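Asks: Each chain, letter by letter, is given below.
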Amino acid sequence: MIKQPLLLSKVNVVYAIVVGVMAVLPFVLDSRTMTILLTQFCIFAILAMSYDILLGYTGIISFGHAMFFGIGAYTTAIMLSDYGPSIGIFAVSIVVGIVLSAIISVISGALTLRLKSHFYAMFTLAISGLFLVLAEKWRTVTKGNDGFTFRAPELFRERLYFYFLVLICLVVVFILLKRIVASPFGKVLVAIRENEQRTRSLGYKTLGYKIIASVIAGAVASLAGSLYAISLRFVNTSVMTMDITLDALMMTIIGGVGTLIGPIIGAGVIEFAQHYLSGLAREYPIFERWIIFFGILYILAVIFFPRGIVGTVSLRYHEWKLKKGQKTKASVKLREKEIQR
Amino acid sequence: MTNILTLERVETFISQYHILQGIDFEAKAGEVSVLLGRNGAGKTTTLRTIMGLTPASKGTIHFDGKDITKMAPYDIANSGIGYVPEDQGIFGQLTVEENMKVAIRKETDATMQKQTYILELFPDLKKFWKKQGGNLSGGQKQMLAMARAFVNDSKLLLIDEPSKGLAPIVIEKVMEAITEMKKHTSIVLVEQNFMMASKIGDTFTLIDDGRTVQSGEMQNLIEDEQLKRKYLGIG
Amino acid sequence: MELLISLTINGLATGMLIFLLAAGLTLIFGLMDVLNFAHGGLFVWGAYTGVFTYAWSNSFLVGIIVAILTGLVLGFITEKLIIKPVYGNHVQQILITLGFMLVLQEMIKVVFGPNGVPVKVPSYLAGSWQIGDLTIIKYRIFIIVVGFALFGVLYFILNRTKIGLVVRAGVMNREMTQALGINIKRVFLIVFMCGAALAALGGMLMAPYSGVVYAEMGMEYAILGFIVVVIGGMGSFQGSLLAAILVGLAGSFMAYYVPFLSVAVNMILMASVLIFRPQGLFTVAKG
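Protein chains in written order, with UniProt numbering: chain A, 1 to 341; chain B, 1 to 235; chain C, 1 to 287.
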């Protein structure tokens, strides 16, 4: 790897500014709704990033991602309501959720990740379906479809503090995942996505790599679920449904797969658009069906911009730079990659 | 004699791998042209590229005076090229009869005559007419694959390693069949078995690392010990 | 005994409806490796267009015909617009058909309204026969008969006609079929349209059976369809019938004897097939 300190630092400055802006936004807007909306955005950005590790970096399609989100949400909700709303219990519940998710990822990965992609997709669909049934039927613990409310830790009942926690989580997860995908391990994941057989013939035990990727994705999704539960102070079976997986999928695709920053932007676009479109729905009922717009946008993205918003923008940017004659190594590389596709 | 098939500077990518890097190849009408080269040289990919299964990204392929470079595999087949892949591509759960039926485009008198003719050439196929393709022996599969490729009015047959995995006595039979079919059609043959290639081939083209190295009359290659040693590891 | 018979009839009827969905799915998958997640959307569109014309014309038959036509037209559009641009890329196919499913489902709400629509069984199929203690609902028998009849027709087409032969050959070895001069894309379009029509018909037949149609039913039944395709062996037509009956019966018996497991049983069936016999119970040998 050739380091590009200048470019990197430039990007980092932009990131830092964005995080700074996000930190002061609630004060500027000074609106409860906006704070809640920003919180939701951060939580779904974390979820979408975790999905990107699977889909974008490793090329695995999972239809069961909601399961991990749900495990996190239920673990936190149940532990807080059973053992009291302290920050310590909350922290422990996050860890327990992550461990549970990791165990389930390892088991389902070991069982079916060696199979073709669509088999794994179907398997995750089945397993997450089972968890949904479990959440519905295990009434003594989950209260079934109706769900239950619980008390959040004192500190996080203040919306603003909770928003900061979620924002910090987003930044930390982003940095961690960025490190992981930039590491040799991450390079192997990308190699698996590009050509699994080739990677295997180079001597990598691809199954192990795929399982670890699914463990990481599951753990991060579980964290997002834990945060989600606190943000609502309520949990019901909707956290386990296919809709959650579909949200993560759409955010990742529209934002740009395999970029990490893309899913964050995708989450932002969808969360905010959803908010404003359902506002418009009061006047124009067609906007109640806002999901149609995203469905169409998503389809167009798959066909015409398989790299999503971020991938397409960065490609155009590099092309523009190329035209200007500044043939940086990175842009040439990117171009070559595009041609090969 | 005129060329029935001409490849000029053909290049092919399979995903990002540059497999063919410049293939020039000519097959003359009425002859058996043999593609030679060691394992991984690009012989099979050359045939697949001609068939349009792994389309060429550069260069041109002309068949019978027509540019077929960008055509779809089925159009290429319909323009008169029969293909016998390395694994024979038999439909395992279809009977021999059904395998032939899939191949026959129109049940005209001419094709029916041709089917009768080919079944005389391969009596085994007639014997196992109702047997599933997957249950045939290796030699019988080879014959069925050749029969399928031949039964329409193919002007050219592409045959990929017909001797592979067959017992010597069966190879004899396959060679006889190819010699017989040569009366009706031109043939491009990929063959590792040099004994067989040299016996039935009229011309040779030697490829290595995805490029054409040399081509000429088969007799010249048989006599050129140095070339054989260098590219085929024999001699 | 009466209970066993009526549970069996329930199971068979549900199984047949799922079969109508799964038959198309399995052939589409077998031919092109396309996991068509939009299939449920075709199912629900068939149901709604059929039900509305049925209500408007007062003729169940007209409803069925309209449902089939809807299936054919939507199948054509889906194949051309959605599947074709992503030929050969499995990941993209799964993603795009899933997105289209969402759009189809939401479009139902835009066109026909967001609420469920009640559907009545046509008078000549309504009611039941009473044999001793046994009550047999006529419409269920009707579905079973139609299901088996359609299986028979499809079986005949697949095994006794040239196009059927080509489809079977294509499932076994797509590339070779092309190399023998067959325009596999055209064959695929035909199969896709027929599969869509079957799904749409399935939706229409389902409507009076469940008594109501709603937009989400597409996804629910599509998932059952996928389960059946996985259990039956992806690409196996006969397998999809047997697996559909299996899933239908399992659902109906479980609902009676172990109700809390009835939703889970299909998922467990599919998960175990994927773990222990991923090629499905009835396999199509490739090559």
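The hints are simulated quantities; they were obtained by calculation from the structure and are not laboratory data.
A quick note: this is a predicted structure, and the numbers were derived from the prediction, not measured.
Incorrect hints may appear among the rest.
Unchecked claim - According to the in silico footprint, chain C covers these stretches of chain B (three or more CB under 8 Å from chain C):
no.: 1; segment: 3-16
no.: 2; segment: 62-74
no.: 3; segment: 100-112
Stated by the list, open to error - Taking lysine to aspartate or glutamate pairs in the EDC-like style, the calculated list, with each CA pair at most 20 Å apart, reads:
no.: 4; chain 1: B; residue 1: 101; chain 2: B; residue 2: 75
no.: 5; chain 1: B; residue 1: 101; chain 2: B; residue 2: 153
no.: 6; chain 1: B; residue 1: 70; chain 2: B; residue 2: 87
no.: 7; chain 1: C; residue 1: 162; chain 2: B; residue 2: 217
no.: 8; chain 1: C; residue 1: 120; chain 2: C; residue 2: 133
no.: 9; chain 1: B; residue 1: 182; chain 2: B; residue 2: 98
no.: 10; chain 1: B; residue 1: 70; chain 2: B; residue 2: 31
no.: 11; chain 1: B; residue 1: 106; chain 2: B; residue 2: 75
no.: 12; chain 1: A; residue 1: 137; chain 2: C; residue 2: 220
no.: 13; chain 1: C; residue 1: 162; chain 2: B; residue 2: 176
no.: 14; chain 1: C; residue 1: 109; chain 2: A; residue 2: 319
no.: 15; chain 1: B; residue 1: 58; chain 2: B; residue 2: 97
no.: 16; chain 1: C; residue 1: 109; chain 2: A; residue 2: 243
no.: 17; chain 1: B; residue 1: 101; chain 2: C; residue 2: 33
no.: 18; chain 1: B; residue 1: 70; chain 2: B; residue 2: 107
no.: 19; chain 1: C; residue 1: 185; chain 2: B; residue 2: 75
no.: 20; chain 1: C; residue 1: 109; chain 2: A; residue 2: 288
no.: 21; chain 1: B; residue 1: 182; chain 2: B; residue 2: 208
no.: 22; chain 1: B; residue 1: 126; chain 2: B; residue 2: 97
no.: 23; chain 1: B; residue 1: 155; chain 2: B; residue 2: 172
no.: 24; chain 1: A; residue 1: 116; chain 2: C; residue 2: 220
no.: 25; chain 1: B; residue 1: 101; chain 2: B; residue 2: 120
no.: 26; chain 1: B; residue 1: 182; chain 2: B; residue 2: 11
no.: 27; chain 1: B; residue 1: 70; chain 2: C; residue 2: 220
no.: 28; chain 1: C; residue 1: 84; chain 2: B; residue 2: 87
no.: 29; chain 1: B; residue 1: 155; chain 2: B; residue 2: 124
no.: 30; chain 1: C; residue 1: 162; chain 2: B; residue 2: 120
no.: 31; chain 1: B; residue 1: 131; chain 2: B; residue 2: 87
no.: 32; chain 1: B; residue 1: 66; chain 2: B; residue 2: 107
no.: 33; chain 1: C; residue 1: 162; chain 2: B; residue 2: 107
no.: 34; chain 1: B; residue 1: 155; chain 2: B; residue 2: 180
no.: 35; chain 1: B; residue 1: 183; chain 2: B; residue 2: 120
Claimed, not checked - Label-pair ranges, simulated between beta-carbon atoms:
no.: 36; chain 1: A; residue 1: 202; chain 2: C; residue 2: 159; range: 15 to 25 Å
no.: 37; chain 1: A; residue 1: 149; chain 2: C; residue 2: 56; range: 54 to 64 Å
no.: 38; chain 1: B; residue 1: 9; chain 2: A; residue 2: 208; range: 52 to 62 Å
no.: 39; chain 1: A; residue 1: 25; chain 2: C; residue 2: 115; range: 34 to 44 Å
no.: 40; chain 1: B; residue 1: 230; chain 2: C; residue 2: 163; range: 48 to 58 Å
For glycine and all other residues, C-beta sits at the position ideal for the given N, C-alpha and C.
Asks: For every hint, state whether the structure bears it out.
Replies: Against the structure, the hints come out as follows:
1. 3-16: Violated - the segment 3-16 of chain B has 0 residues with a Cβ nearer than 8 Å to chain C, which falls short of three.
2. 62-74: Satisfied; 3 residues make the cut.
3. 100-112: With 4 residues in contact (Cβ-Cβ under 8 Å with chain C), the coverage given for the segment 100-112 of chain B holds.
4. 101(B) x 75(B): Holds: residue 101(B) and residue 75(B) sit about 18 Å apart, inside 20 Å.
5. 101(B) x 153(B): Given that 20 Å is the threshold and the Cα spacing comes to 15 Å, the pair holds.
6. 70(B) x 87(B): violated (25 Å)
7. 162(C) x 217(B): violated (44 Å)
8. 120(C) x 133(C): Outside the cut-off at roughly 25 Å; violated.
9. 182(B) x 98(B): violated (25 Å)
10. 70(B) x 31(B): Violated: residue 70(B) and residue 31(B) sit about 25 Å apart, past 20 Å.
11. 106(B) x 75(B): holds (15 Å)
12. 137(A) x 220(C): Satisfied, since the Cα-Cα distance of roughly 19 Å is no more than 20 Å.
13. 162(C) x 176(B): Answer violated: residue 162(C) to residue 176(B) is near 32 Å, above 20 Å.
14. 109(C) x 319(A): violated (42 Å)
15. 58(B) x 97(B): violated (39 Å)
16. 109(C) x 243(A): holds (17 Å)
17. 101(B) x 33(C): Not satisfied, since the Cα-Cα distance of roughly 24 Å exceeds 20 Å.
18. 70(B) x 107(B): violated (29 Å)
19. 185(C) x 75(B): Holds, because 12 Å separates the two Cα atoms, which is no more than 20 Å.
20. 109(C) x 288(A): Cα-Cα ~10 Å, so holds.
21. 182(B) x 208(B): Between residue 182(B) and residue 208(B) the Cα gap is close to 27 Å, so the pair fails against 20 Å, i.e. violated.
22. 126(B) x 97(B): The hint holds at about 9 Å.
23. 155(B) x 172(B): violated (24 Å)
24. 116(A) x 220(C): This hinted pair is violated, its Cα atoms lying about 24 Å apart.
25. 101(B) x 120(B): Satisfied, since the Cα-Cα distance of roughly 17 Å is no more than 20 Å.
26. 182(B) x 11(B): violated (29 Å)
27. 70(B) x 220(C): Given that 20 Å is the threshold and the Cα spacing comes to 43 Å, the pair is violated.
28. 84(C) x 87(B): Roughly 29 Å between the alpha carbons, so the hint for residue 84(C) and residue 87(B) is violated.
29. 155(B) x 124(B): Roughly 25 Å between the alpha carbons, so the hint for residue 155(B) and residue 124(B) is violated.
30. 162(C) x 120(B): violated (25 Å)
31. 131(B) x 87(B): holds (19 Å)
32. 66(B) x 107(B): violated (26 Å)
33. 162(C) x 107(B): Holds, at roughly 11 Å.
34. 155(B) x 180(B): Answer holds: residue 155(B) to residue 180(B) is near 14 Å, not above 20 Å.
35. 183(B) x 120(B): holds (15 Å)
36. 202(A) x 159(C): 15 to 25 Å: Violated: the Cβ-Cβ distance is about 45 Å, outside 15 to 25 Å.
37. 149(A) x 56(C): 54 to 64 Å: Given range 54 to 64 Å: violated, Cβ gap about 46 Å.
38. 9(B) x 208(A): 52 to 62 Å: violated (44 Å)
39. 25(A) x 115(C): 34 to 44 Å: holds (39 Å)
40. 230(B) x 163(C): 48 to 58 Å: holds (52 Å)
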